[in-house]
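Sequence lines, in order, name chains A and B.
Sequential numbering of the first sequence, starting at 1, is according to the working numbering.
Sequential numbering of the second sequence, starting at 571, is according to the working numbering.
Hint data in this document are derived by calculation from the structure and do not stem from the laboratory.
Everything hinted at is true.
With a straight-line Cα cutoff of 25 Å, these simulated SDA-like cross-link-like pairs (lysine to any residue) come out: (1) Lys235/A / Asp647/B; (2) Lys235/A / Ala643/B; (3) Lys235/A / Pro301/A; (4) Lys235/A / Ala259/A; (5) Lys235/A / Leu255/A; (6) Lys235/A / Ala648/B; (7) Lys235/A / Arg650/B; (8) Lys235/A / Thr248/A; (9) Lys235/A / Val256/A; (10) Lys235/A / Asp246/A; (11) Lys235/A / Pro646/B; (12) Lys235/A / Ala645/B; (13) Lys235/A / Ala644/B; (14) Lys235/A / Arg649/B.
Residues from chain B that keep clear of chain A, each with C-beta distances beyond 10 Å, as calculated: (15) Leu608; (16) Leu633; (17) Ala645.
From the three backbone atoms N, C-alpha and C, an ideal C-beta is built for every residue, glycine too.
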Amino acid sequence: MNSSYAVPAVALVVLATVLVGAFGLRISRTTSDFYVASRTVGPRLNAAAISGEYLSAASFLGIAGLVLVQGPDMLWYPVGYTAGYLVLLLFVAAPLRRSGAYTLPDFAEARLASQTVRRMAGVLVVGVGWLYLLPQLQGAGLTLTVLTGTPDWLGGVIVAVVVTVIVAAGGMRSITFVQAFQYWLKFTALLVPAFFLVLAWQGDGAPTHAFDEPASFREQRAVRVHDSLDLRLDKPLTVTVDGTVDGTAHDGAELVLPAGTHHIEGGTRLTFAEGTEVPAAGRGGDDAVSPSRAESREERPLYATYGLILATFFGTMGLPHVVVRFYTSPHGVAARRTTVAVLGLIGAFYLLPPVYGALGRLYAPELTLTGNADAAVLLLPDRMIGGVGGDLLGALVAGGAFAAFLSTASGLTMAVAGVLTQDMLPSRGVRHFRLGTVLAMAVPVTLTFLLGGLPVADAVGLAFAVSASSFCPLLVLGIWWRRLTPPGAAAGMLVGGGSAFLAVAATMTGYPGEGPWHALLAWPALWSVPLGFLTMILVSLATPGRVPPGTAAVLARFHLPEETRTEVSP
Amino acid sequence: MPQDPTERRVVVTGPPRRARRTTGYYRPRTEIDEQTTLGHTYVRSLIRIQLRTGLTVFAVLALLIGPLPLVFAAAPDARRLEWAVLGFGLYVPLVLLARWYVRRAERNERDFVRLVEDR
Chain A
1 MNSSYAVPAV
11 ALVVLATVLV
21 GAFGLRISRT
31 TSDFYVASRT
41 VGPRLNAAAI
51 SGEYLSAASF
61 LGIAGLVLVQ
71 GPDMLWYPVG
81 YTAGYLVLLL
91 FVAAPLRRSG
101 AYTLPDFAEA
111 RLASQTVRRM
121 AGVLVVGVGW
131 LYLLPQLQGA
141 GLTLTVLTGT
151 PDWLGGVIVA
161 VVVTVIVAAG
171 GMRSITFVQA
181 FQYWLKFTAL
191 LVPAFFLVLA
201 WQGDGAPTHA
211 FDEPASFREQ
221 RAVRVHDSLD
231 LRLDKPLTVT
241 VDGTVDGTAH
251 DGAELVLPAG
261 THHIEGGTRL
271 TFAEGTEVPA
281 AGRGGDDAVS
291 PSRAESREER
301 PLYATYGLIL
311 ATFFGTMGLP
321 HVVVRFYTSP
331 HGVAARRTTV
341 AVLGLIGAFY
351 LLPPVYGALG
361 RLYAPELTLT
371 GNADAAVLLL
381 PDRMIGGVGG
391 DLLGALVAGG
401 AFAAFLSTAS
411 GLTMAVAGVL
421 TQDMLPSRGV
431 RHFRLGTVLA
441 MAVPVTLTFL
451 LGGLPVADAV
461 GLAFAVSASS
471 FCPLLVLGIW
481 WRRLTPPGAA
491 AGMLVGGGSA
501 FLAVAATMTG
511 YPGEGPWHAL
521 LAWPALWSVP
531 LGFLTMILVS
541 LATPGRVPPG
551 TAAVLARFHL
561 PEETRTEVSP
Chain B
571 MPQDPTERRV
581 VVTGPPRRAR
591 RTTGYYRPRT
601 EIDEQTTLGH
611 TYVRSLIRIQ
621 LRTGLTVFAV
631 LALLIGPLPL
641 VFAAAPDARR
651 LEWAVLGFGL
661 YVPLVLLARW
671 YVRRAERNER
681 DFVRLVEDR
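When you get a sec, could you build the whole thing from the sequences and use the hints?
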């Protein structure tokens with residue numbers, strides 16, 4: 001890939017981000033501006049900011065890569081990410097804004113008047129936020145490596161520094177502008193190239209076998225396998241091998257590999273004839289941006305699909321950077337309307353990744369084998385259009401990808417820093433918020449260095465599963481159920497979130513390996529979400545004496561329209 | 571101390587009348603503000619209808635999404651259908667469901683405000 005246009009594009013995005021942030025800084029004067037943009041962000045700006053923040057690297061690069069590798073089943077990811085906002089709207093949006101809570105710990109304290117539950121929620125928020133930050137930093141590293149061949153820690157460090165500076169300098173007011181700007185940047189960066197790619201596809205005679213299963217090569221193509229992998233073949237495959245297969249070295253020999261699993265050494269060159277079906281790779285290399293690699297789709301696809309649906313539908317409402325955003329709405333009605341606008345904006349965006357995924361299956365099917373499927377979005381313009389036009393479009397996509405890392409990372413840093421400042425640092429002034437920001441970013445940056453080669457990609461899936469089984473019960477029951485008690489909430493968060501965390505951590509370390517147990521642990525949402533709800537309800541019912549005394553008044557505040565309130569809200 | 575019944579009668583009936591005149595609120599509103607049992611009943615009725623609205627829309631969502639994985643698993647040849655539905659077909663229904671919910675939720679709140687303010 002030609003980097004002479006891509007590097008300036010990435011630099012331009014970083015520069016524009018800093019400039020827009022500085023513009024916000026000029027009008028960001030008070031502490032209230034800092035944390036909640038003085039709660040004056042109207043639905044349209046706020047919706048663009050929420051969408052800009054929500055559409056992470058996983059959406060921008062990961063979905064197309066997953067669809068390329070695993071087929072249309074992976075389109076459940078964008079559907080789930082969008083539907084998660086609908087569930088959030090139905091049960092949480094307006095009451096959450098009216099609760100006056102800035103963070104999830106605030107909500108826990110306002111509803112349950114318990115410092116213990118507050119602290120537990122705080123620890124969970126910081127944990128989930130850090131988990132979600134890891135893949136953003138890694139994705140930035142991967143993108144920069146694909147584009148320029150720089151060492152893979154550089155991209156992450158650039159993102160970390162820019163984000164820390166913007167958040168620490170301008171707070172929420174700055175971030176709101178930055179993220180609204182980045183939504184439109186990301187949308188344009190996918191839409192314009194998609195338009196030209198579809199034109200190129202039509203000029204190519206509009207082949208449609210991308211929709212067939214499995215993908216196949218349109219022309220003879222040589223593939224260089226970077227990392228060792230296992231090929232799973234359903235039927236014999238004819239391939240020209242230059243390297244080592246199944247422990248035997250070959251030198252340009254044409255082989256007929258029988259059905260079964262074959263081990264390909266790293267550095268091997270495979271040449272596939274036209275029309276050959278793309279074989280399935282067992283170990284998918286380092287697709288650091290994909291939402292999750294822990295899935296075991298061959299074993300229990302239906303279970304896995306439902307697990308994915310449940311985790312994304314219920315996990316969205318508990319993501320720390322999503323919750324903070326609702327407090328910047330002026331009132332509950334605006335919070336609701338903002339959510340509808342967000343649904344429209346992210347729905348429009350998600351129409352584009354499937355296009356890239358389908359075109360990737362047509363024009364770059366070998367990415368399945370090289371383990372760089374996430375690069376599909378970045379490589380397609382060059383592959384299909386080529387020339388200066390292809391380079392320019394590729395640069396646009398690269399800039400958009402960087403916007404994705406920057407916006408999600410800044411939203412998460414904002415949320416984590418907010419919790420750190422309020423709950424873990426002594427005073428609540430702006431200076432401590434800046435200290436919190438540095439701390440919020442320093443930990444995940446250190447972790448990317450420490451974890452290096454570990455499959456951190458699972459972190460996003462883990463974040464959704466943990467959030468769905470701990471925060472979702474807390475929010476839904478806290479808003480709609482009068483008999484929730486502090487011990488119930490604490491037990492539910494601990495059992496639901498804790499079991500989801502342990503299950504995914506076990507899969508990441510490779511504990512059960514294969515079989516039905518693996519599927520159960522890799523997609524915990526299907527059992528851990530009901531478990532979280534059930535624990536919360538049962539323990540609450542067992543401790544009826546612990547219902548906080550002001551519950552009725554608190555619930556009234558959550559649900560009463562603003563115009564019927566007598567007290568002036570602070 | 572029942573020597574002067576007229577004076578006592580004034581004391582008992584006075585405060586409510588004065589309270590109503592100074593604040594100018596109608597009764598349901600006052601009940602809610604003062605958190606009486608009746609006030610709680612009003613609030614609870616609002617919560618219940620909002621929850622019912624949310625659950626109704628959620629049920630529609632579940633009926634729309636829930637069977638899809640089964641359908642796709644049952645008809646493995648319908649790949650193009652899966653691409654079309656998952657890739658492009660679900661976002662418009664999701665936005666429409668959201669708008670439907672917001673309209674109903676806001677109507678519930680308007681009805682409630684009319685109930686407690688105008689009587």
